[in-house]
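One line per chain: the protein sequences are A and B, in this order. Whatever position you read off the first sequence (first residue = 1), add 528 for the numbering used here. Whatever position you read off the second sequence (first residue = 1), add 1 for the numbering used here.
Since the hints were made in silico from the structure, they are not lab data. On a predicted model such as this, the values are computed, not experimentally measured, just so you know. Fair warning: there could be bad hints in the mix.
To be verified - Over 12 Å on every C-beta distance to chain A, these chain B residues come out as not near it, computed from the model:
(1) Arg61
(2) Ala92
(3) Thr164
(4) Gly180
Said to hold, decoys possible - List of simulated lysine to aspartate or glutamate pairs, DMTMM-like, C-alpha gap at most 25 Å:
(5) B:Lys159 - B:Asp256
(6) A:Lys648 - B:Glu163
(7) B:Lys21 - A:Glu771
Said to hold, decoys possible - Chain A stretches covered by chain B per the calculated footprint, using a threshold of three residues with CB under 8 Å from any CB of chain B:
(8) 543-551
(9) 566-575
(10) 605-617
(11) 622-630
(12) 633-644
(13) 659-671
(14) 744-752
Glycine included, each C-beta is placed from N, C-alpha and C at the ideal position.
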Amino acid sequence: MPDAATASQVPTPPPRVRRANAARAGLVVTILLLAVVTTIALDLPSAERVLRGLRNNAVPLLRGFVQPRWEIAPLAFSSMAETFFMAVIGTTIGAILAFPLSFLAAGNLLGGTRFAIPGKTVLVAIRTFPEILLAIIFVAATGPGPTAGIMAMGIHSIGFLGKIFADVIEGIDPGPNEAIRAAGGGALQVFVWSVIPQVLPEFASNVLYRFEINLRAATVLGLVGAGGIGLPLIQRLQFRRWEEVSMLLLVIIAFVIVVDALSGRIRRRLV
Amino acid sequence: MLPEPAGTPAIPERPAGQRKVAAATLATFVALFVVSAWQTGFSVGDLATGTGDFFRFFGRMVPNWGYLPRVWGPILETLQIAYLGTLFGTALALPLLFLASANTTTDRVTLAVSRSVLTVLRSIPDLLYAALLAPILAIGPLPGVVALTLFSLAVLAKLGSETVEAADPGPMEAVRATGAGRNRVIVYAVVPQVAATMTSYVLYVFEINVRASVIIGLVGAGGIGQDLLARLNFFAYGDVSTIIVVIFVLVLAIDALSVWARSKLI
């Protein structure tokens with residue numbers, strides 16, 4: 529290079545950095561190679577089939593967004609309302625049942641991390657189970673309808689909320705606990721006057737956050753017959769009535785965005 | 002109630018305003034719950050009978066281990082879908098997250114448009130994307146990959162733009178002072194600050210995608226869910242519980258692996 533003598537040179541990195549850079553480059557190459565192998569091994573349809581599918585289905589779907597079918601708006605709104613109510617009950621059940629469980633999964637109140645292991649294990653097991661699988665089992669066991677969806681949502685929420693609640697409890701300030709004990713208070717007084725006031729705002733905020741998640745989840749529970757807007761949606765998908773699908777989607781999107789915004793505002797004021 | 006002995010101070014009452022807000026919140030919530038229960042026909046009795054039915058049903062589900070060899074193929078496809086969905090979602094999220102961050106994008110219109118697109122994309126759950134795309138893109142793994150790509154893109158761009166907005170402005174100003182343009186500022190001042198957190202988020206989204214990829218087959222988007230639904234429709238509960246056990250172990254293993262990798266990152 530002609531200007532090598534005048535321009536300041538970027539110094540070569542030390543060997544440790546060069547080795548780390550080489551390792552990182554190796555990782556990136558591995559990830560990309562794995563992606564290529566994975567794509568080739570996947571059973572993909574022909575490009576022609578995809579194009580035909582797009583022309584026959586995606587075009588009417590997009591047209592439906594521009595010109596929604598207002599005839600089914602009442603149905604869309606009433607089934608979205610049912611979805612909303614399902615999420616309210618499912619979240620409440622989850623929160624009420626997660627409350628006692630979370631104290632059994634919080635090491636600091638039980639007097640040692642090892643005492644919290646059984647509680648934590650139960651919560652992990654509940655969380656691992658996909659919600660929609662629970663819904664399928666409830667539909668098979670108790671019959672289709674919103675109750676099956678509510679039960680599935682409730683149980684799944686226990687796993688999520690129980691874990692978050694336990695994390696919140698483990699993060700509380702031990703000072704007030706000690707102060708109450710020093711004033712002669714027992715375990716019950718410590719719980720009522722120190723633990724509960726410290727955790728309640730965080731609990732409420734996380735219940736609202738779970739409600740946002742559950743509202744989204746409730747929109748798909750109907751796909752397996754567990755109530756809510758998913759049922760009219762899957763029926764119209766099966767009959768390829770794309771313009772009506774768009775109307776239902778618009779209602780879902782609008783509802784979810786509004787509830788998210790409201791819930792976000794309340795949560796910011798809580799904590 | 003016994004009269005308080007003189008000299009013991011009474012516990013002060015909460016201010017009236019606070020009490021009113023608390024009472025109003027509780028009343029609103031109870032009213033909402035009652036309306037919800039009435040509208041959905043839910044009763045607390047259902048909770049008890051439902052749980053009973055659930056466990057009776059589960060008691061009948063004894064895994065049929067003879068089905069196990071037929072699980073591995075679809076499980077592999079499930080993982081392929083999750084891997085590709087995460088990878089493509091990440092690739093698309095990387096440019097978009099800088100467009101949706103106020104400190105890397107100063108143009109108000111671009112910022113508003115990219116944020117709105119992300120909000121809309123995020124309002125649709127992954128299973129719904131799969132249900133929509135399966136009839137469009139042919140039943141099989143392709144709609145699954147596209148569904149998870151869209152979902153990962155929305156989540157990662159949102160989490161990423163929050164991280165970028167929280168980045169230290171010092172290095173950005175320093176790079177800008179050398180005469181660098183926006184892209185150089187992003188590459189040399191923002192990326193090094195957010196790379197570790199972003200990698201951790203990608204692993205987290207991969208966890209979510211593994212969970213999603215086992216169920217998107219229920220709506221025809223490939224993976225083990227398709228076999229699960231087929232066995233369920235034949236009332237082959239032994240095979241169903243074998244699949245469920247495998248899913249359970251797979252999700253636990255991926256979660257543990259990902260949590261371990263994330264603990265190494267930050």
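Least C-beta distance from B:Arg61 to chain A larger than 12 Å: The assertion about B:Arg61 is violated, with a minimum of 10 Å to chain A.
Mind taking a look at whether chain B covers the stretch 605-617 of chain A? Criterion is 3 or more residues with CB to CB distance under 8 Å. holds (count 7)
Verify this for me: three or more residues of the stretch 543-551 of chain A with a beta carbon less than 8 Å from a beta carbon of chain B. With 0 residues close enough to chain B, the hint is violated.
Distance restraint between A:Lys648 and B:Glu163, which requires alpha-carbon spacing of 25 Å or less: 30 Å, violated
Is the Cβ of B:Gly180 farther than 12 Å from every Cβ of chain A? 14 Å, holds
Checking C-beta pairs, does the stretch 744-752 of chain A have three or more residues closer than 8 Å to chain B? n = 6 at 8 Å, threshold three: holds.
Verify that the Cβ of B:Ala92 lies farther than 12 Å from every Cβ atom of chain A, and report whether the claim holds or is violated. 10 Å, violated
Coverage criterion applied to the stretch 633-644 of chain A (partner chain B; beta-carbon cut 8 Å; 3 residues): violated (count 0)
Are there at least three residues in the stretch 566-575 of chain A whose beta carbon sits under 8 Å from a beta carbon of chain B? holds (count 7)
Would you check the hint for B:Lys159 and B:Asp256, treating anything up to 25 Å between C-alpha atoms as holding? Holds. B:Lys159 to B:Asp256 sits at ~22 Å (cutoff 25 Å).
Holds or violated: B:Lys21 with A:Glu771, Cα cutoff 25 Å? 48 Å, violated
Would you say B:Thr164 is clear of chain A, with no C-beta pair closer than or equal to 12 Å? It holds; B:Thr164 is separated from chain A by about 18 Å at its closest Cβ, greater than 12 Å.
The structure shown violates the earlier hints numbered 1, 2, 6, 7, 8, 11 and 12.
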